[in-house]
Every structure is written in C-alpha cells, then in structure tokens.
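Chemist: Every number in this note's numbering is 4 more than the matching position in the sequence shown, counting from 1.
No wet-lab data here; the hints were simulated from the structure.
Among the clues, some could well be false.
Ranges between beta-carbon positions, derived for each pair [as the list claims (entries may be wrong)]:
{"#": "1", "residue 1": "259", "residue 2": "156", "range": "35 to 43 Å"}
{"#": "2", "residue 1": "156", "residue 2": "123", "range": "23 to 31 Å"}
{"#": "3", "residue 1": "128", "residue 2": "69", "range": "25 to 33 Å"}
{"#": "4", "residue 1": "69", "residue 2": "106", "range": "24 to 32 Å"}
{"#": "5", "residue 1": "269", "residue 2": "243", "range": "37 to 45 Å"}
{"#": "6", "residue 1": "167", "residue 2": "267", "range": "22 to 30 Å"}
{"#": "7", "residue 1": "58", "residue 2": "115", "range": "15 to 23 Å"}
{"#": "8", "residue 1": "87", "residue 2": "240", "range": "21 to 29 Å"}
{"#": "9", "residue 1": "172", "residue 2": "51", "range": "34 to 42 Å"}
{"#": "10", "residue 1": "213", "residue 2": "256", "range": "14 to 22 Å"}
{"#": "11", "residue 1": "169", "residue 2": "257", "range": "36 to 44 Å"}
Calculated cross-link-like contacts (lysine to aspartate or glutamate; reagent style EDC-like; alpha-carbon spacing at most 16 Å) [unchecked claim]:
{"#": "12", "residue 1": "243", "residue 2": "69"}
{"#": "13", "residue 1": "273", "residue 2": "99"}
{"#": "14", "residue 1": "249", "residue 2": "75"}
Please read all numbers here as calculations on a predicted model, not as lab measurements.
Built from N, CA and C at the ideal position, the CB exists for glycine as well.
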Amino acid sequence: MTLTNLTRVGLALALLAGVAGVAGLPLARNAMAAPLKAVDILAKADAIRNPQTSFVVDVALTAYENNQQTDSTLVTTHSRKETENGQFLSLVHIDQPVRDEGKLLLRNGNILWFYDPASKASVRLSPRQRLLGNASNGDVVTANFALDYAVELAGEEEVVDGDRKSRPAYRLTLASQSEITPYHAITLWVDRNNHRPLKGQFFAQSGRLLKVAWYRGWEPVLGETRPTEVIIADGFDPKKVTVMKMSNYRPQDLPPSWFSNSWLPHFRKQ
5 MTLTNLTRVG LALALLAGVA GVAGLPLARN AMAAPLKAVD ILAKADAIRN
55 PQTSFVVDVA LTAYENNQQT DSTLVTTHSR KETENGQFLS LVHIDQPVRD
105 EGKLLLRNGN ILWFYDPASK ASVRLSPRQR LLGNASNGDV VTANFALDYA
155 VELAGEEEVV DGDRKSRPAY RLTLASQSEI TPYHAITLWV DRNNHRPLKG
205 QFFAQSGRLL KVAWYRGWEP VLGETRPTEV IIADGFDPKK VTVMKMSNYR
255 PQDLPPSWFS NSWLPHFRKQ
C-alpha cells in the first residue's frame with residue numbers, strides 16, 4: 005500500500021520517536037563468517053543506492069512543516085560514471101517550479117557549479133547549501149560515498165528501517181575527505197544481510213546533527229533492488245520533513261562534453 009505524503013511525515017516522527025528502543029542493541033557475530041572491510045560494505049551500499057553506469061533519473065522533492073506542505077521542486081539528474089576513479093560526473097536540471105526552470109547544477113571533480121540561464125552566468129556553489137527543505141544541493145548530485153569519505157566499521161546492531169522494522173545492520177562512520185561533500189561526517193546503517201542502506205545521520209563540522217534519513221520504497225531498478233524514496237527529518241526540528249522520491253530511472257550514454265562548465269549554456273533537456 006502506497007503511503008500518502010501526510011503519512012510519510014507521520015512516519016518520520018514515529019521513526020525518530022522509536023529509534024532509542026532498538027538502535028544500539030549489539031548483534032551476535034557469526035564466528036565462521038569472514039569479516040568484511042568497512043570500505044567493502046560501503047561500496048556495496050553505494051552500488052545499491054546508485055546504478056554503477058551512466059543513467060538519468062527524475063527526482064521529486066517535497067518539504068513539509070507541521071504536516072503541511074511548504075514547498076516542492078522537480079529535477080532531472082544526469083550521471084556519468086568516470087572510468088578513471090569510479091566517481092560520478094553529475095548534471096542536475098531543475099524542471100519545476102517555473103521560476104527556476106532551466107537552472108543547472110554540475111558536479112565535475114571536486115567543484116560544484118550553478119548555472120542560471122537568465123544571467124548566463126556560472127558560479128561555484130557549496131554542496132552543503134540547501135536546495136529545498138532538508139535536502140541540500142549535494143543530495144541530488146549522484147556520488148559514491150566510498151570515494152568521498154573515509155570509513156570505519158563502528159559496530160553491528162539492530163536498527164529501525166524506513167518501514168519501522170528492526171533490521172540487523174552494520175554501523176559505519178564516514179569522515180569527509182573531499183571539499184565537495186555536503187556533510188562533514190555521516191553515520192550510516194547498512195543491512196547486514198543484503199547491504200542495503202537503511203538509515204543515515206548527517207553531521208556538520210561542529211558535530212551538530214543536521215538531518216536523519218531513511219531509505220525506503222525498494223523496487224527493482226536497472227538490475228538491482230534500490231531505494232526509490234528517502235525520508236529526511238531535520239536534525240533540529242523533527243516536524244520539518246522532506247520527502248525525496250526517485251522515478252523513471254533510465255540508462256543513457258551521456259557524452260563527456262555535457263559535464264563541462266563551459267558547455268552549460270548549450271544544455272537542452274531531452
């Protein structure tokens with residue numbers, strides 16, 4: 005059964021309220037199982053979050069406060085995986101609202117560019133700047149965490165997933181090692197059985213919790229079961245919730261020329 009947006013907001017509040025009851029309970033480890041390295045666990049989770057090929061996806065973001073919708077935007081993200089280092093080049097076209105239609109975000113290496121067709125100007129942008137609600141610019145730009153963050157395995161424990169079910173999970177701690185990252189640190193829970201990302205806590209350099217996110221809406225997409233929805237609760241005010249919904253994934257051979265700042269004035273959405 006598909007949840008309404010209002011139910012999703014209530015779900016985020018319920019998840020926050022119920023976290024203490026389950027998260028943190030240690031798991032017994034199978035002594036016969038060969039331990040996985042933290043970077044391998046994270047790489048497996050990355051491969052589930054993002055198709056590891058060139059692709060295009062539509063992303064709808066809706067912000068709520070006190071159960072009332074406050075804003076929304078639609079974007080189309082074009083991502084090309086670099087063969088040299090395995091990271092993504094990413095071009096985001098803003099489709100709605102009309103006042104922002106045609107504006108572009110470009111990640112090329114360690115630089116994030118913003119292009120406004122009205123002024124025909126490109127400026128460097130912080131990936132940590134908010135795009136809408138609790139979602140930052142960096143949240144709609146495709147990236148493999150394992151290439152942007154140093155990672156350690158902090159433990160194994162039960163965690164409540166986005167469907168309010170208790171799951172056995174690896175708890176990973178990620179520390180930024182690139183200026184392009186939208187967060188200074190992340191705590192990420194990854195399902196121990198299938199390496200699906202379940203939940204993330206995202207922190208500022210000061211150590212302050214910025215947001216909590218749950219991955220859900222699991223569907224078969226481009227050869228893998230992937231999350232098609234992320235519920236993001238504000239780290240300061242849990243009544244502020246942003247829902248990020250991904251749809252219409254399609255493989256597409258994207259030319260390298262698209263991902264150059266000098267080419268942005270020539271981009272036309274297809």
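Chemist: Does each hint hold? Answer for all of them.
Modeler: Quick rundown of the hints versus the structure:
Hint check: residue 259 to residue 156, Cβ distance near 38 Å, so the stated range 35 to 43 Å holds. The hinted window of 23 to 31 Å between residue 156 and residue 123 is violated, with their beta carbons roughly 44 Å apart. Roughly 30 Å separates the CB atoms of residue 128 and residue 69, a value that falls within the hinted 25 to 33 Å. Between residue 69 and residue 106 the C-beta distance comes to about 28 Å, which sits within the given range of 24 to 32 Å.
Evaluation of the 37 to 45 Å hint for residue 269 and residue 243 yields a pass: the beta carbon distance comes to about 41 Å. Between residue 167 and residue 267 the CB atoms are about 42 Å apart, so this pair departs from the stated range of 22 to 30 Å. At about 20 Å, the beta-carbon gap between residue 58 and residue 115 stays in the expected band of 15 to 23 Å. Take residue 87 and residue 240: their Cβ atoms lie about 41 Å apart, and the range 21 to 29 Å is violated.
Evaluation of the 34 to 42 Å hint for residue 172 and residue 51 yields a failure: the beta carbon distance comes to about 20 Å. Hint check: residue 213 to residue 256, Cβ distance near 36 Å, so the stated range 14 to 22 Å is violated. In this structure the supplied range 36 to 44 Å holds for residue 169 paired with residue 257, their Cβ-Cβ distance being about 38 Å. Proximity of residue 243 to residue 69 is assessed by CA-CA distance (about 6 Å); at most 16 Å being required, the pair is judged to hold.
Straight-line distance between C-alpha atoms of residue 273 and residue 99 comes to about 9 Å, which keeps the hinted pair within the 16 Å bound. Among the hinted pairs, residue 249 with residue 75 is consistent with the structure: their alpha-carbon atoms are about 14 Å apart, no more than 16 Å.
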